[in-house]
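Chemist: One letter stands for each residue in the lines below.
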Amino acid sequence: AQSVTQLGSHVSVSEGALVLLRCNYSSSVPPYLFWYVQYPNQGLQLLLKYTSAATLVKGINGFEAEFKKSETSFHLTKPSAHMSDAAEYFCAVSLANNNDMRFGAGTRLTVKP
Amino acid sequence: DAGITQSPRHKVTETGTPVTLRCHQTENHRYMYWYRQDPGHGLRLIHYSYGVKDTDKGEVSDGYSVSRSKTEDFLLTLESATSSQTSVYFCAIRNSRDNYGYTFGSGTRLTVV
Numbered sequence: 001a002q003s004v005t006q007l008g009s010h011v012s013v014s015e016g017a018l019v020l021l022r023c024n025y026s027s028s029v030p031p032y033l034f035w036y037v038q039y040p041n042q043g044l045q046l047l048l049k050y051t052s053a054a055t056l057v058k059g060i061n062g063f064e065a066e067f068k069k070s071e072t073s074f075h076l077t078k079p080s081a082h083m084s085d086a087a088e089y090f091c092a093v094s095l096a097n098n099n100d101m102r103f104g105a106g107t108r109l110t111v112k113p
Numbered sequence: 114d115a116g117i118t119q120s121p122r123h124k125v126t127e128t129g130t131p132v133t134l135r136c137h138q139t140e141n142h143r144y145m146y147w148y149r150q151d152p153g154h155g156l157r158l159i160h161y162s163y164g165v166k167d168t169d170k171g172e173v174s175d176g177y178s179v180s181r182s183k184t185e186d187f188l189l190t191l192e193s194a195t196s197s198q199t200s201v202y203f204c205a206i207r208n209s210r211d212n213y214g215y216t217f218g219s220g221t222r223l224t225v226v
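Residue numbers (this note's numbering), protein chains in the order written: chain D, 1 to 113; chain U, 114 to 226.
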């Protein structure tokens, strides 16, 4: 079955610094890949998705991610962190039928003033 | 907004009692999902539905059952709650207008004592 691994359960950056959250996937067929964000006491919100079109995907709130097949990676980046970016971020993978979306364990992002 | 409502938002129950969680959507989406969220595990799929009376098991279905008698409602039942089922439960829909992303409800925090 498909799976994702998020490297680093906690990431801390200073406000204005680069945000890099790492995600590697495993899939026997071309995957669909997603990043979701979760703010405290809320559900997950879709940040961006890769569905076999452009490999560089832009999402909401200035985030983007690049699909790299050779590295089986889908890392999430943002050039300049803002205090409001503090949240938990989940990488997820599914296949074409999209009935079994698998999530990573999550990365909690802290932004220091 | 897919108009997903989960109820109750919080519940404390005793071991061995039955518990039913409800997910209600207002936009006639075909696919609905139940996930549980636990620290260090991300989200794991319990059951999903692809239409009225059509359901299938997910990754962690033992101890859970589901029913979907109407398009808008997807119920998750714990027949005899155990402490290992203490978790946050999320309902999600696959947005028919955006076939690759899920929209999540706000979650139900269930504590089994």
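None of these hints come from the bench; they were simulated from the model.
This structure is a prediction, so every number in the text was calculated from the model and none was measured.
There's no promise every hint is true.
Here are the simulated EDC-like pairs of lysine to aspartate or glutamate, each with C-alpha atoms no more than 20 Å apart in a straight line [said to hold, decoys possible]:
hint, chain 1, residue 1, chain 2, residue 2
1, U, K183, U, E172
2, U, K170, D, D100
3, U, K166, D, D100
4, D, K58, U, D211
Stretch by stretch, here's where chain U covers chain D in the computed footprint (C-beta under 8 Å, at least three residues) [said to hold, decoys possible]:
hint, region
5, 20-26
6, 40-53
Positions of the beta carbon are idealized from the N, C-alpha and C atoms, including for glycine.
Chemist: With reference to the structure, classify each hint as holding or not holding.
Modeler: Status of the hints after comparison with the structure:
no.: 1; hint: U/K183 to U/E172; result: violated (24 Å)
no.: 2; hint: U/K170 to D/D100; result: holds (10 Å)
no.: 3; hint: U/K166 to D/D100; result: holds (19 Å)
no.: 4; hint: D/K58 to U/D211; result: holds (16 Å)
no.: 5; hint: 20-26; result: violated (count 0)
no.: 6; hint: 40-53; result: holds (count 8)
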